[in-house]
Every structure is written in structure tokens, then in C-alpha cells.
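These protein sequence lines are chains A and B, in that order.
Under our numbering, the first residue of the first sequence carries the number 266, and numbering increases by one thereafter.
Under our numbering, the first residue of the second sequence carries the number 12, and numbering increases by one thereafter.
One should not assume that every hint holds.
[Unchecked claim] Heads up, simulated DSS-like pairs for lysine-lysine below, C-alpha to C-alpha not over 30 Å straight-line:
#, chain 1, residue 1, chain 2, residue 2
1, B, K220, B, K92
2, A, K446, A, K296
3, A, K739, A, K693
4, A, K462, A, K296
5, B, K220, A, K302
6, B, K186, A, K693
7, B, K92, A, K693
8, B, K92, A, K739
9, A, K660, B, K100
Think of the hints as simulated: they come from the structure by calculation, not from any bench.
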Amino acid sequence: MQNLTESTGQSATAAGSTFKQRAHIKLHDVKVQRAMKNFNLAGARARAMVELDNLEDIRTDAAGIRDRALADLDVWLERFETEARRRGTHVHWAETHADINRIVLEIAAKASVRKVIKSKSMVSEESHLNAALEANGLKVVETDLGEYIIQLRGETPSHIIAPAIHLNRDDVADLFAEHHKTPRNNDPAVLTMEARKFLREHFLSGDMGISGGNFLIAETGSVYLVTNEGNGRLTTTMPRVHVAITGIEKVVPTLEDVSSVLRVLTRSATGQSISNYVTILTGPKRAGDTDGPDEMHVIIVDAGRSKLLGTDMQEALRCIRCGACMNHCPVYQNIGGHAYGWVYPGPIGSVLTPNYIGLENAIDLPHAATLCNQCGVVCPVKIPLPDLMRKLREKQVDRGLRPWQERFGLRMWAWFAARPGLYGLAAKIAARVGRMAGGSSGLIHKLPGNGWTEERDFPAPSGKTFRELYAARKAGR
Amino acid sequence: MLLPATAVPTPRAQRINFLLSMSMSRPPLRVGLFVTCLVDLMRPGIGFAAIRLLEAAGCEVVVPATQTCCGQPAYNSGDRKAAQELALKVVREFAGFEHVVAPSGSCAGMIRAHFAELLADFPVELAQAEKLIASTRELTDFLVNVAGLTSVPGRLEGAVTYHDCCSGLREMGVKTQPRALLAQVPGLELREMTTPEYCCGFGGMFSVKYGEISARIADRKCDDIAATGANAVVLGDLGCMLNIEGRLRRRGDTTTRVLHVAEVLAGTEGT
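One chain only, chain B, in its complex shape:
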């Protein structure tokens, strides 16, 4: 504030204030990137796409080198102890950041929606994790609602459809954010599925334990994708990505591309 808080700024002062705020460069947001274990192992390009987008939004991106996994596989398998160990590790690695971002609604949701319950037995660490829990966001949510990114580097000719991943949608409220960003991609046409919010059937270990049921659920998703006539399905989670791609290919669909939203927005898909 250039004027004392008690004074009512004149219209002229308001204009000066506004112009000054525009000219002063904002200090970059410091973001801890939670790469996620699946991106690390399966599709490292998505991690780099996330970095590119965060940097395009003016962020300083830090990637803690010792990170591995958020603990969700153990948590959802009932191995609370292992899940707690890994959650505590995440807290040690990420508690110092103002913002933590993951290119996955599921992993971000694990931290944001479940860490408080999971770490209830560790009051000291839970207190340290308070900010982390509140500030962890899925990538597109962060780009839109925190970083205010309005133009993206990506470019994609053709029609795509967007699959809402369950955790991102129902735990993190990710729905309009990826669509708002995709609308900025030149050449891209978004064609909605009849039920974009319907689960793809992945469910973590569910897909391994009950492969047959999981594949049958994926069929509904594949049919819905096909009905849009889109060349690609875009989504924000690796689990759904591997599941949908795996089922599409087994069904004989070798052309519909399955792309992570970060790759499309960063213009790095297929690299």
C-alpha cells in the first residue's frame, strides 16, 4: 500500500497504484513439484511438461531429489503403517514449500484429502504438514487458480475429449480448470463424452486384482471416447492413462491417442 490504510484513495491514486503494481514484477511463486512415482517410472515427459507449464506461469520450480511415492498404494491396500512411513517422508521433503503441485489429481488428493487422517497418530509431524495439506494442488488447478496462467505454449490440431479422473474430480474439484486451459490451445477442439465423470475402472490395485471387471468398466469409457469421434483422450492421471490406453489397444484401437493434459498444454506430447 502506498497510502495509509485508513485514507480513502482518490481515483487518481488508485490508478497510480494499479500502474505501479503492474510495473513491479511479482516475485516468482516457489513451487515444489511432486513428480509422482508413475510419471517417474512410466512417462518422465509429463514431469518436464509440468515444469515447462509452471515456468511459463512464472513459477520457480524445485524438484526435491529424494521424493518417491505419496504412499497411496499402501494406504488403499490397508497397509497403514507403510502408508504412514511414506507420508512422513513426503512431509519431510515438501513441508517447506509455499505451494506443492503434482501432475495427478490422485496423488495430490492423497496428500490433501487423506494425510490428516493418516497422520493423526503423529501430532508433531501433522502440525508441520498443515500447510502442505492445505497448499497441495493438482497441476491444472494450480495453474488456473493460483498462478493465473492464461496462455499456454501447446498447440494441437484436432478434436480431443477430456476424461475426469475420479480423485481429481471428487477430491480436488478439478473440472473446469483443465478445460479452461485446453480452450487456450490453438487448433484444439474439445468434444465432451456423454459421461466424462464415469470411472475408467482403474482403481489402483483393483485393476490388478480384478482385471476382468476393471477392463469391463474401461470398455464403457472406451465406447464413450469412440462415440465422440475425437482423435485423442486427454486426462490428468497416470493410472487412468495406462488403463484406458491398455484397454483401447487390446480392443484393437491403435489410433486414438491417450495424452496427459500437461503434455498437451506444454506442447510436448509425443516427445
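Bound conformation, chain A alone:
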């Protein structure tokens, strides 16, 4: 992923390094390793799913609901636009990441905005919106606790719903003591109250609130938000202007559709049967309303998504951003989110990133998985993540993006495997050479140019191939 900076137009945390290098750093980062060992949203999900006696049926239903919305996406998007406008919401279309930033800046300029408060939005991470706003003289404050923490640290989220999961209470205690100039305390409850106190002031003084959107409801033109901290409601109702930013794939025909999907969304994400807040935002403040923004805007983002429609990658657009795939991924659980190098980590990131920023800019990601399919098994909308990664690997081969050594090696191996006589001879030689290399321990400690033996021995072959022994046995009969 050397070219991250080119494709996003801004510096990413990980620019200039490879996935392997970043993973290496994270594997040797004591703090990250400690945090990842304590990370167990998978356990929370497992406990919550016990409540459902027909989980598989609900998953099938949820996948079907997402598929039906995607099948006629244009229809539902237009319907959403019509219904939202009818209720006084401004609808904007952002074809690229640059368009997102431009549109937000235009809205801000028109409304004389000086301070922006943000609820969680991963799409705004895609376009580096905060940096773009700050470059134009605006003050930006993240109000989700995790996002607030990483904003103070100058980091990007390492998880889509738990952005500061790579940190622990001591990291936050140090951070708050430094930034808030308060006595250091590492009690999470105290730290949370402290953040609350500092954030309250921003909620009261923000001119614009920016949120994401878990779903867009076509029939009512509403933005549907699933949150836990209450900052989402403050962000979307306190400031004069509310801007919701979300992808085109998030539109669904009806509220009824979401209610089914919500059952598996929150359980898959945090193990909750429902989140603390579910907010349905429909239009700005009306005459007689006591609260709500004067202006409501929705920015509907393409930025690579429509390219997936009608292709073998479309299933990835079902994603409802619960994070279960990363929570259950043995690779993510060891290296954390930052190693993946772009906005979305884990299995879904390994599928979305190459599609959104270019296959050639994310060479490693489709391969950064054991294909154990634990992600596919837990995905609430049944995205076949290992199959999609495998298809991306095929696309890399088709486009000649894999290293020639790998291609040559595979070709050689396949050539032999198609010729049983030669293959048998080669295997016979390899079995003997390997046996000798293993010596008395039966272990090979170093295979040149092979990552296997970096931190692992290679058990040596036993010396003769099955086909030899079997032929001898048959002859002896």
C-alpha cells in the first residue's frame, strides 16, 4: 500500500509502509498487544445471540432485506431524495471523497459555521474530512468518546465501532491529564465524566453537527442512527446545522426493513439486544418544535461504491458495519486495526479497501487472512467474506499484480501436479532432501526466503512418499 497518499489525497497514518511492516510493529507494541488480548466483543456477541432461537433465519432475512435494497438501489435513492426534500432536508450527492469535503465546506460557509461537532462517521474518515475542515479554519471536535480520545492523540480509528480499542485506561489517563490539565486518574468512570464535562461545552457552542447514518429510510426520507453514548442526539439536534454523511448502499425501502436488520446489528456489534439510542431524524426543526436544527443536510456518498453494483463484489455492499468480522478475525485480534492501513480494518476492510482505493494500492489485504471463515459464519448479513477475498486474489493475478516469483512458483507447481509421473519423482526427491534437512530432530529450522521458519520450525517429511510405499506394498502382495 505504498500509494495510499495518492489515492486519498491526504496522508494516512500508515502511508509509506507495507501491511507486513505495520503488522510487525503492532505485534511488537506491548500496549497494542495488551489491549488486543483484553478485546472480547466476540464473547459479548455470543452471549447475546443465545437470546435468539432462530438466528440463522434472521441472518437469512437480513441478508435478503439488504439484497432487495441493493437490487433497486437507484429507485430507493431517488425515493429517499424525494421524501427527504418534501420534509425540508437538503440532499447532496458526493461522487468522490473530494466532493464530500467540498459540499460540507460549502454548507459551512453559507451558514457562517465556525465550530463543527461530530458524532461518529467512518465515511468522513474516508475523505479525511476533519483535516479538510481544519485547513479551512474551522474548529472540529469529535464527540464520540473513543473518537474524542483518538482525535486528541492525532490517530485514526482502529475499529469501526470501538475506535480507541488499541488503548487502555492508562493511555487515556495520561492523555486527559495532558490535554485537560486535570489531575491524572485512570478510573474509566471518572475519565468518562471528565470527557462529558469538556464535551458539554462544545455541544452548546457548536454551529454544525456532523453525523453518519446507519440507514437511510426511503419511504420517510429519514436518517436512522444507532448509537450508545447520547452524543449522536446532541450532535444532530443542538447545532443550527446538521449534516449526515453516509454511503449510497445504506438506503433501505422501509422502516420495517430496518427493524429486522437492527435485531442482528446491535447483537453482532456489542452484544446488546438494542443500542442505548436509536434515533430517526426526519427533516429540520418545524414550526412549533422546541428543538432540532434549522437546516438538515444529507450527503449521499458514492466514492467507489456504485462500481461494485452488479459485479461479483456486490455482496460486500450488504455490510451494516457491526464489526463482528473483525471481532472474530484471528489476524485482526493479533495486529489490531491500524495495520490494515486504511479506514476499514479486518475482513470487511480487506474486501472494501481494494475496491475503494484500488486493487494495486492494497496488494496485501486480500491475502491477509487465513480464510478460516469465522467472519463469514458470524456476519449478520451473510457476506461471504473469504470468497470475496479469494475473488480479489484472482483479480490481482489477472491484472498481473502479484510478484513474479509467486506466479512462477505456482505455475511450476501446477505444471508438475498435472503430470503425475514427474510429480511423483519430484515428490520423491523432495521427501528425501527434506528428511535429510530435518536431521535427527525431524525439524527444519530455516527455509531460505520462506516466512514459515521466521518463528516456527518446519516438521521434515518422513522420507518416502505415500505413492512409493503404496506401490511397494501392492507389488509385495
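Let chain A serve as the given structure and place chain B on it in line with the hints.
Quick look at chain B alone, frame taken from chain A:
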């Protein structure tokens, strides 16, 4: 049926039918053994253990001599063309069998879960492969659910733990079958890990390309194995076997044995 299908058999006739069916020897199931390339090269004993078990279950075992590999390494590396060539070869070699068995959930899973998609461009061969795809089974699954094997030749004194290999578990539904058979081994005590279904970190070429991450995932497995206090970890796939053994030894554990379930059940481990 000894009686016309329309007639309701009397209890006496039912008893006679039952006794006759017991006395008539069942024709042996004819099984094509897919040895797998890793067993061939690395641990041929597992192939012979599989033959022994299948024969103990009353099967006639045929080992097509020209077989090499199912094509999975190419398939998972994105080389669809090479994978197709090898898949077509497997179809030519195994399409004639009523049953195909592999001592590997991963290779059996390749045939059963992926051949249909992989060979979609070859309608004629795909039609020939239909039975093969439906009838390919992992060894312990076949022994329990098709051959009905209830007693095994193996004997092992001591505690073992069982690692569920990802493909066997999630593609082939192999979970209770090996445990049911291990329960028949005299002297063997099964101690479950906290997370036996957790991936060992092998992932085929993943273990070579990202050796460091792979070894770190294997560490969790090694810790889990150690915590059971078992003398051996038993499993059903060569990839996981080499990975777990390689990591255990590098960590300095020279005593925990890593055994294929076929060797344990056949009583040939260590031979």
C-alpha cells in the same frame, strides 16, 4: 423387500426380514481414497492409517495412482486457471466412485464446497462431477455417517485434545464425528480446549507470506493446548498439523505430540 411393497408386514415377517438382513453380508462400499499431496509428501503413514480404518469399516479402498493435488493452493492464490486444470484432473480420476474420502477436511472441502463454482465454465465436466461433489467426505465424517464404524483398532494411553480444523468444521460440518470415534479408543481421555474451533493460523500460503502473524495466531492455539495438560493434540488436517507442531517445537515444547486423527484411530501413530 421380501414382501410386496403394498402389503403391511406382520411383526413376524418383520423379524424374519431383520434376521435375514443381518445374515446377508452387505456388499462392501467402494471408496476412492484421495490421499492428498501433503500426506503423500510429508506423512504417508496417515494414508495407510486411513486405508486401515476404511477397511475396518468394511470398505473396499481404491487409490487412483495418478492423483496429485485438489488444486486448493492455486485456488486460494488466485490462480483460477491452474486450479481449474487440477480440479478437472480430480474429476477425471474420481468421478466414477460412489464415495470419495480424504483424510483432510480442507481437501475434501475444496472438492465439496468449491468445485461447483470453480468448474462453472466447464458444464460437461461439472455434470460429471456432480456425484463426486456430493459424495466427497472427510475421513471421520465418512466413517461415522456413511460406513457406520463403531469400534476402532487404535489404542492410546493418555489425555489428548482435539483441534477443529477450519475447513473441516465450517465447510464440512466435522465436529462430533472425530470425537465420537476418539471416544472408542481404549485408554484415551479427551480434554477440550477453551476454543478448539479457533484457527491455528495456518491458512495455506498465508503461513509463508505472513509468517510472523501466522506464528502469533498459532501461539494462542499452543497456549490453549498447553492449558489442557494433554499429552497430544489430535487433528484432521496436515496443514494445521505442520503449523502447530512447528510452532510448539520452536517454542521449546518437545513433548506434546501432534497426531492426525487417522493415526490415533488406526493405532499407527508413531510408526
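Structure-based check of each hint:
no., hint, in the structure
1, B:K220 to B:K92, "holds (21 Å)"
2, A:K446 to A:K296, "holds (24 Å)"
3, A:K739 to A:K693, "holds (18 Å)"
4, A:K462 to A:K296, "holds (27 Å)"
5, B:K220 to A:K302, "holds (24 Å)"
6, B:K186 to A:K693, "violated (34 Å)"
7, B:K92 to A:K693, "holds (26 Å)"
8, B:K92 to A:K739, "violated (35 Å)"
9, A:K660 to B:K100, "holds (24 Å)"
Hints 6 and 8, counting from the list given before, are not met by this structure.
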